[in-house]
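The lines below spell out each chain.
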Amino acid sequence: MDKILNTNIRTVSRLLTEGTVKTSDFVRESLKRIKETENLKAFITVTGNEAEELAKQSEKRYKNGQPLSDMDGVIIGIKDNFCTKGISTTCASKMLENFKPPYNATAYQRFLDAGAILIGKTNLDQFAMGSGTINSIYGVTKNNWGCKDDDNFYIAGGSSGGSAVAVATGACFACLGSDTGGSVRNPASYCGVIGLKPTYGLISRLGLIPLVNSMDVVGILTRTVDDTVSVLNTIAGFDEKDSTSLTKPFKKIRLPPASKMKINGIKIGIPLEYNVEYLSEEVANVWNDIASMLKSEGAIIKPVSLPHTEYSIVVYSILNQCEVTSNMARYDGIEFGLRAREDYSTEKLYSTTRRLGFDEVVKGRILAGNYFLLASNYDKYFTKALKSRRLILNDFDNVWNEVDFLLTPTTLTEAPLYKDYVGQDNRHRLVEDYCTQAANLAGIPAISVPIKLSKNGLPLSIQLMGRNLSEPMLLAVSKFIENAVKFPHFQYNRT
Amino acid sequence: MIFKNKTFIRKLSTNKNAWKSVVGLEVHAQIKSISKLFSGASTKFSAPVNTNVCLFDSGIPGTLPVLNKRCVEAAVLTALTLNCRVNPVSYFDRKHYFYADLPLGYQITQQRAPIANDGCLEFQVYTPSVHKQPYSKSVRIKQLQLEQDSGKSLHDTDRSLVDLNRAGVGLMELVFEPDLKDGEEAAALIKELVAILQRIDTCSCKMEEGALRVDANVSIHKESEPLGTRTEIKNIGSVRGVAGAVAYEIQRQIKLKESNKPVINETRAWDASTKTTISMRDKEVLQDYRYMPETNLPPIQIAIGPVRCGSLDADELRKTIPELPEQTRQRLRNEQSLSLEQSIILVNDASLLKVFEDTVLENQINSKMVANFLINEVNTLLNKKEMDSTDIIGKSKYIGEILTLLEKEDINRNTAKLLLEEILLGSTRSPVQIVKEKELLQINDNEKLEKLCRDVLEECEKAVRDYRAGKTKAFKALLGVIVSKTEGRANMKKCTNILKKLLDK
Numbered sequence: 001m002d003k004i005l006n007t008n009i010r011t012v013s014r015l016l017t018e019g020t021v022k023t024s025d026f027v028r029e030s031l032k033r034i035k036e037t038e039n040l041k042a043f044i045t046v047t048g049n050e051a052e053e054l055a056k057q058s059e060k061r062y063k064n065g066q067p068l069s070d071m072d073g074v075i076i077g078i079k080d081n082f083c084t085k086g087i088s089t090t091c092a093s094k095m096l097e098n099f100k101p102p103y104n105a106t107a108y109q110r111f112l113d114a115g116a117i118l119i120g121k122t123n124l125d126q127f128a129m130g131s132g133t134i135n136s137i138y139g140v141t142k143n144n145w146g147c148k149d150d151d152n153f154y155i156a157g158g159s160s161g162g163s164a165v166a167v168a169t170g171a172c173f174a175c176l177g178s179d180t181g182g183s184v185r186n187p188a189s190y191c192g193v194i195g196l197k198p199t200y201g202l203i204s205r206l207g208l209i210p211l212v213n214s215m216d217v218v219g220i221l222t223r224t225v226d227d228t229v230s231v232l233n234t235i236a237g238f239d240e241k242d243s244t245s246l247t248k249p250f251k252k253i254r255l256p257p258a259s260k261m262k263i264n265g266i267k268i269g270i271p272l273e274y275n276v277e278y279l280s281e282e283v284a285n286v287w288n289d290i291a292s293m294l295k296s297e298g299a300i301i302k303p304v305s306l307p308h309t310e311y312s313i314v315v316y317s318i319l320n321q322c323e324v325t326s327n328m329a330r331y332d333g334i335e336f337g338l339r340a341r342e343d344y345s346t347e348k349l350y351s352t353t354r355r356l357g358f359d360e361v362v363k364g365r366i367l368a369g370n371y372f373l374l375a376s377n378y379d380k381y382f383t384k385a386l387k388s389r390r391l392i393l394n395d396f397d398n399v400w401n402e403v404d405f406l407l408t409p410t411t412l413t414e415a416p417l418y419k420d421y422v423g424q425d426n427r428h429r430l431v432e433d434y435c436t437q438a439a440n441l442a443g444i445p446a447i448s449v450p451i452k453l454s455k456n457g458l459p460l461s462i463q464l465m466g467r468n469l470s471e472p473m474l475l476a477v478s479k480f481i482e483n484a485v486k487f488p489h490f491q492y493n494r495t
Numbered sequence: 001m002i003f004k005n006k007t008f009i010r011k012l013s014t015n016k017n018a019w020k021s022v023v024g025l026e027v028h029a030q031i032k033s034i035s036k037l038f039s040g041a042s043t044k045f046s047a048p049v050n051t052n053v054c055l056f057d058s059g060i061p062g063t064l065p066v067l068n069k070r071c072v073e074a075a076v077l078t079a080l081t082l083n084c085r086v087n088p089v090s091y092f093d094r095k096h097y098f099y100a101d102l103p104l105g106y107q108i109t110q111q112r113a114p115i116a117n118d119g120c121l122e123f124q125v126y127t128p129s130v131h132k133q134p135y136s137k138s139v140r141i142k143q144l145q146l147e148q149d150s151g152k153s154l155h156d157t158d159r160s161l162v163d164l165n166r167a168g169v170g171l172m173e174l175v176f177e178p179d180l181k182d183g184e185e186a187a188a189l190i191k192e193l194v195a196i197l198q199r200i201d202t203c204s205c206k207m208e209e210g211a212l213r214v215d216a217n218v219s220i221h222k223e224s225e226p227l228g229t230r231t232e233i234k235n236i237g238s239v240r241g242v243a244g245a246v247a248y249e250i251q252r253q254i255k256l257k258e259s260n261k262p263v264i265n266e267t268r269a270w271d272a273s274t275k276t277t278i279s280m281r282d283k284e285v286l287q288d289y290r291y292m293p294e295t296n297l298p299p300i301q302i303a304i305g306p307v308r309c310g311s312l313d314a315d316e317l318r319k320t321i322p323e324l325p326e327q328t329r330q331r332l333r334n335e336q337s338l339s340l341e342q343s344i345i346l347v348n349d350a351s352l353l354k355v356f357e358d359t360v361l362e363n364q365i366n367s368k369m370v371a372n373f374l375i376n377e378v379n380t381l382l383n384k385k386e387m388d389s390t391d392i393i394g395k396s397k398y399i400g401e402i403l404t405l406l407e408k409e410d411i412n413r414n415t416a417k418l419l420l421e422e423i424l425l426g427s428t429r430s431p432v433q434i435v436k437e438k439e440l441l442q443i444n445d446n447e448k449l450e451k452l453c454r455d456v457l458e459e460c461e462k463a464v465r466d467y468r469a470g471k472t473k474a475f476k477a478l479l480g481v482i483v484s485k486t487e488g489r490a491n492m493k494k495c496t497n498i499l500k501k502l503l504d505k
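Chains A and B, in that order, are what the protein sequence lines are.
So the first sequence is numbered by full-length UniProt numbering: it starts at 1 and just counts up by one.
So the second sequence is numbered by full-length UniProt numbering: it starts at 1 and just counts up by one.
In short, the hints are calculated from the structure, not lab data.
Per the computed footprint, the stretches of chain B lying under chain A, defined by three or more beta-carbons under 8 Å from a beta-carbon of chain A, are:
id	segment
1	56-68
2	87-98
3	103-112
4	290-301
Calculated from the model, a selection of chain B residues having no Cβ within reach of chain A, i.e. all distances over 12 Å:
id	residue
5	D179
6	Y248
7	N334
8	I434
9	S484
Each residue gets a CB set at the ideal place from its N, CA and C atoms; glycine is no exception.
Extracted from the complex, chain B is given alone in its bound form (with noise of 0.2 Å):
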């Protein structure tokens, strides 16, 4: 009988009913702000342990929470930036459970009136190794709510510490509805969203850091049945991970159905370095958090169009947003004429769309030009180096001129290479001091180029025999000999033509 089920169902899966998967995501991102939510300490990352903690953030008893007004703010800009609905009156909420590292024995959030509802976000999915060209994705978003962030537990094998720099950090959760596929889709999604928030200075989205932190929730079925059960992987901590865990889930859960097995509803987390997902077994599955109104706090009264009354004006804080993303893409597009291809790798990367807009403002160079080397030269030397784009603001000047020796053909491909390591390394000197003191220039010179490749065909008569004898990788290996003898400083373009001329004579 068993049997019997089981090449049912692969009939069925093998039978044009492909799985669809159905990606969800919540976001928390940590309010880029000087000090807590509810508290005066500091939220400075990497400061030495329990160092950023109040009274209030360790739950001595009779402290009280007080808002920070600039949390408000931070959540409001998000919120009209991602098209929602902001909410007049919003309130904070407890939720309770027990956790060592959450001080107050529960979590002030936004469960019952949170500060915004019902939004929207279009962005661009594009993974070049994946996808052949870009297409134009729309999410909802479901809710926008304040919390606290919890602190840190650190288990050690006989006992537990507990770090609470941490503990009460602004957060904004994001709830996205579940109308992703994958997690390329996912993975650009954060992509979009990360470069929103750092437009608007609202969160850092360190990743690395924690300062951004995706939850995905994921389920399979098919096209006539009823949305499958889900799991939800917490905490994953980088764009890529995104992309990996939700695909590896979609995968492990069809595995699932196609054996037969059921996919249980459980809380999973993303391994980076086996690149897979794994159970959590926490007992949270089925705790009630018991919500509550936290009364300590009056609720947050924001004006709004008609309404005028509260504590931040909303329509004043909408003309303070500035170019977003897609607009920049746009741009990129219509008026430096890249393709948009181009305009996402840019716009996905905000220190080195700073560098390519500071390098066009600065210079007559073709801005394609520079968007390319930007996005194969630099990109590439960085991923070597180990180095991170934000290495490299600043630098546009020097960058610049490396371009501009490049277009002029005062120096080639190679030294242009050369000279941008020497740069991405820290030096002082410009390319163009760089260049005289190395003597790195390219040798266009006619009459001196004819003379150079005149002298390689004599020292080199075998290879120019081999070559009249018909092998053409013969030739190669001249080129070969002028390049080692000019320490790669000859305009090759030239010398191949000159080369082909004589030899052919």
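Next up, chain A with everything else stripped away, as it sits in the complex (with noise of 0.2 Å):
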């Protein structure tokens, strides 16, 4: 029976239909699942009985013969620092550990009113600060592959590792992340499954508990394409409570069968400022592995320049302290969250609570996010980082006159050691979104596939980016790859 969890959402909405599974039975094989592969700690609320009732609904549906959609009774996780009404949303911080929201985020109320089956929510780095998921306080996410023990693991990546493994694991058939600067794309590259970073506005960020208000966006895991695209289109498209999302209607996806894909033509770039001296060798094998089966198979490779790409990492590293100081003033134990026990004054509480309340990675961007944003400062940092970025964006609209598509490693090595990846601090590990963060910066799609397994046993994975609202094609190519490189997905095996 546990083998329908290592199904797709197609085959979860064909086998309810025909009546021969039901809903309770994938919500009791998750929470199985869930409870055997605790070592991981891939979430921090398990939604069991929540679940449980939803899950009653749905069969009720189906018995009706009127399911809600093709994603009625499909289990999913939801990365914690998304709003869930009623429900325990930490954002694995002290601050908020006891935030039960009063509203769901938009994205969550789609899921729902499309009867999707909401099993638990997911670890992450505090505040979702990080690429390892490895400063919560509920404890560290291990990386599914080659997990020995407690002290002897690999990272899962972040900050949206809980759900990268959750995922991987076959608890859940997709998940939320929320992608910043790589958060969702890395550490689907390190745990082997597809990570979806859409154009920025595509999905509402309500509800979505904010890092840098001009570059999150809500982003998808799932094991497969077509699995990825059952979500997008279920909760992607306009919402008026967020301002920054795309007004024009969202058409739902629909890809071909992959033996009928033909690539022949599609212009891909090759940018060189990708190929850089921390790019580990299996993973540049990889990267022109796909290159060249990708020309054998018709497209056009073409080496391309973004010669702003390396000011991206500074440029995000100030924008996002800056936004991180402003989004996090709001947390200073009067309406909600966390309140020291501290009557002496006003300012003696906010400091106390926020002392208690965030840990070290968090103060240090807010203290230099300050720093950056005093107003002798503003133009040294903030606007020419604002400029900067202007320039990586130009980058990107350049490219798309030559190119399609742009194929990068999405991290440039595989999942490190975490007894490695500790010993670097914070600032260092910033590296790691090197790939990803100017698709943030710029606001573009892009998209992690994995590839094949290391020497080590751990999956390796290119990154696809394309031009705004070039979802359909990116997914459509990803798919292409997907069936051609047949990765050899994470088994859960019983001990």
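From the two separate chains plus the hints, produce the assembled complex.
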């Protein structure tokens, strides 16, 4: 029975329609899987009771032959920085440990309206600041690949590490993550799943607890491209409650079977700037292999240049820290969340609350951001960062005159060992986002597709980027690659 | 040495080198809209504590602002009316500071690219008790920006409570250039602004509800010297408060300077009960607000002139601007033959003006008479009864009746006041009915009046003797008897003549 978790969304829909399997069977199997993989710490909150309740309603609908959509009864997970009404939403932080939002994020509401079943809230770096899922107050998320014990394991990547592991282990068919500089694609790459960062504004951000408003997108993690399409079709589209969501009506994406796809004449650029010093040989080889494969299938492969890429890390870092400073200002212990036991003065209440509620990474970014935003520093840092961001955006706009898509690595290496990773400081770890950040600065869609396993048995992935709203073709090319490489998905073995 | 300095300054100041005061105002006007600037919560005043609050207003994580179109319309209309340059593109900034009634930890405002700049406004300065006659004044507007109001903190002895009903209400902040010289000019500017905003209906201007709040920047200097250090008086809540606060502050600064003490750049508060300004001693003076663009809101785009792309069309909006106060004043003078003073007083009070226009429209009465009656009798009575001019709106029909009776000499002025009082106190009967029921008609019949006078002369022999002996005061006593005998209904003008005639026989 636990095999049903390894299928895909289309199959789930078919099984439920046929009545051979019931929604509650999926819920039961999923809860069992979560329990058995508890040591990986993919979840912060498991919503078993709520899921069972939702499953009953789903079953009733299937019985009446009236499922809400082909997502009806599909088990999903959501990163714990999306608001879920009445369900604890912690951002993996002390600050929001006791926070139960009074409303649903739009993306989750659309899942609910489609009949999807939330099985739990997944682990992340505190307030999504990080690319390791290592500083959650609920513990480190371990990569499902090659995990030996609590001391010997690879990091899941982050900050949506919990989501990636939950999908990879089969605990759910799809997970929502948030992607500000690579937080969906990075763990997808390390854990061997599909990770989509859609065009900025395609999915409503309402209810996503923000990191950087101008870069945050709701991302999707699934095991197959088709499942990503199903999820995107369910949650994308204009939301009047998010003024940055795109008003252009979203047309549902339909991909043909991979066997009928052709990529003849599609122009794919290889940006030279992504071939950096830290790029591991294995990742470089995978990058080459895929380029060669696409060329042999009729695509036109072209070396291109994005000359301002090298500035993206520093630009990203400044803008990120400034927005973090601002977005974190509301955590003062007055309206919600942690409130320190402090009655000396209101100022003291703020400072104690914030000292106790934030970890070192968050505090560091708040301090740096405040520095950049001082009236005397603003033009030196913030304005310059904005101008450089424009140059990076222009690079992409120019390159679309030459090619349709860009092919790059997602991460420079396979997943590092936790032991090695914690030796570096958080700022150094930002290099991990080298290949992914530029897409957030430019707002364009990008996807990470797992290709093969490394010598160490860890996933190696590539990234595809396209122009704004190119998701239909981006996903089609991804599906073509997926079909060609036949990545050996993680098989959960009960031991 | 100090002594020498002091006398030196004293000498200068008495040396025709008088102090010049410079006043600039910043006005926060709450936008008249059903919902808040960025949320759907109601803006209704006096709603129970914390009931006009959306999730966004309380800073719940993940919530987002959505701009209220009505607020943008109001700001653009106000900007156009104040002759500002409306910017085709403007955007919002976050202004950061920690305060318990600021749930987001920042205020969303427009610092770097406001919705409008560079306006100007001409107004009349006239306070009857201060100025012999009105004069015209012009002030420039530096910028008009949209921003959120804050909540309210209520401080108890051992705890503080927060009311977020006001948090996020849309404000227009109007920054005026320091073109004014004293409190009366400042008060006159506010009066004119209130009249304008009420005309275009973008702000209720109910200062007692905090719908319009004034900050005043005040400094003094000598003609030949650069501007002095300024102080800022925050949140002045009435027009007379503006006049009083600025006047007090100018005097305070002069006293300081004359005793050789420096004026400190600080924020002060106006205490209306003691009529003084008090230092707020806040630590905000050197605060860096770390402004940053609010990226959750796309820029506001306004179609104006050659720029046709925008979420609203300023040129269309301009067509909806009604007659403005200055135009009304001119019309009152040109078409209704009122004096400049009368036109100023009426235009400063929207309700009084409404009643004036209704009364003149509905009745064939001399418009100057109506204006006089409203400005003098009605205003005096309203003050006495502690009522507001809004209380007479819709009573123009009755006021017209009173004035018609008065004009026809069917009643005298005393009776008119009496009737007015009845009307103000909410009588549902018309003045004509009241006159009939209470038999208040003036006695105009000459025969009746002569008989009355003869009776009085017979009754008051002593007064008559006194009068004839040269005591003119006695005449007044006789008139008094007539008034009391007729309960004030006799036509006293006629009685005076008759009485004189009879006595001089």
